[in-house]
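Construct the entire structure; sequences and hints are all you get.
Keeping their order, the protein sequence lines are chains A and B. Counting from 1, one number per residue, gives the positions in the first sequence under this note's numbering. Counting from 1, one number per residue, gives the positions in the second sequence under this note's numbering.
FYI, nobody ran anything at the bench for these hints, they're computed from the structure. Note that the Cβ used here is the ideal one computed from N, Cα and C, for glycine as well. Please note that a few of the clues may not be correct.
[As the list claims (entries may be wrong)] For the chain B half of the interface with chain A, some residues (derived, Cβ under 7 Å), not all of them: (1) Gly43; (2) Leu44; (3) Lys58; (4) Asn61; (5) Gly104; (6) Phe108; (7) Gly111.
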Amino acid sequence: AAGVIQSPRHLIKEKRETATLKCYPIPRHDTVYWYQQGPGQDPQFLISFYEKMQSDKGSIPDRFSAQQFSDYHSELNMSSLELGDSALYFCASSLEGGVPDTQYFGPGTRLTVL
Amino acid sequence: AQSVTQLDSHVSVSEGTPVLLRCNYSSSYSPSLFWYVQHPNKGLQLLLKYTSAATLVKGINGFEAEFKKSETSFHLTKPSAHMSDAAEYFCVVSASKAGGTSYGKLTFGQGTILTVHP
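Put into structure tokens, the structure is as follows:
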């Protein structure tokens with residue numbers, strides 16, 4: 001079965017640079033969530049989209065923005081990168097109105113800021 | 001508001017012995033509860049979920065969990081540990097809106113690292 005795809009899997013950036021992370025949900029899933037997992041930390045919710053509209057917002061810095069496109073894929077844009085942004089970024093998808101709450105996670109993008 | 005507390009940061013068992021990972025939750029609404037497993041440098045895999053159906057939930061790889069509303073607990077168990085079970089386990093809560101529709105955002109516990117000795 002198709003899973004959530006994230007690209008790139010690894011990304012190395014310098015401080016103050018920008019980064020774009022991409023997420024392709026499971027086919028027919030209409031909701032996408034982004035989570036950030038710092039070293040030794042539990043994942044923290046950043047933002048979510050349902051039917052291309054932002055549905056919820058968590059602890060996402062103002063330097064970050066995200067959107068969901070017409071094909072339901074989502075992109076997380078990160079600017080003015082800081083050392084503390086180094087983390088594993090997960091995308092998850094679900095089908096709103098389907099099996100409630102079941103989010104399927106992608107493999108993550110590991111971002112390293114030098 | 002919702003929160004999850006995993007009572008043990010590390011659990012160590014011998015192969016073939018039972019596993020118990022403890023989780024307590026707090027939620028303003030009827031919660032949906034999950035256990036996810038994360039192997040080193042890997043993504044998050046869903047083990048099982050509770051969504052107000054049967055209180056004893058069976059998951060993959062022989063794991064199960066029991067929802068106890070009176071104790072606000074959702075402990076994860078397995079009768080016999082296997083070496084491949086060594087990983088980090090997250091108890092997760094998702095609050096449901098009144099009326100039962102998922103609110104979506106997941107709140108993770110701090111994680112329990114399970115070590116399995118030969």
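To see whether the hints hold, each was checked on the structure:
| no. | hint | in the structure |
| --- | --- | --- |
| 1 | Gly43 | holds, 4 Å |
| 2 | Leu44 | holds, 4 Å |
| 3 | Lys58 | violated, 15 Å |
| 4 | Asn61 | violated, 17 Å |
| 5 | Gly104 | holds, 6 Å |
| 6 | Phe108 | holds, 4 Å |
| 7 | Gly111 | holds, 5 Å |
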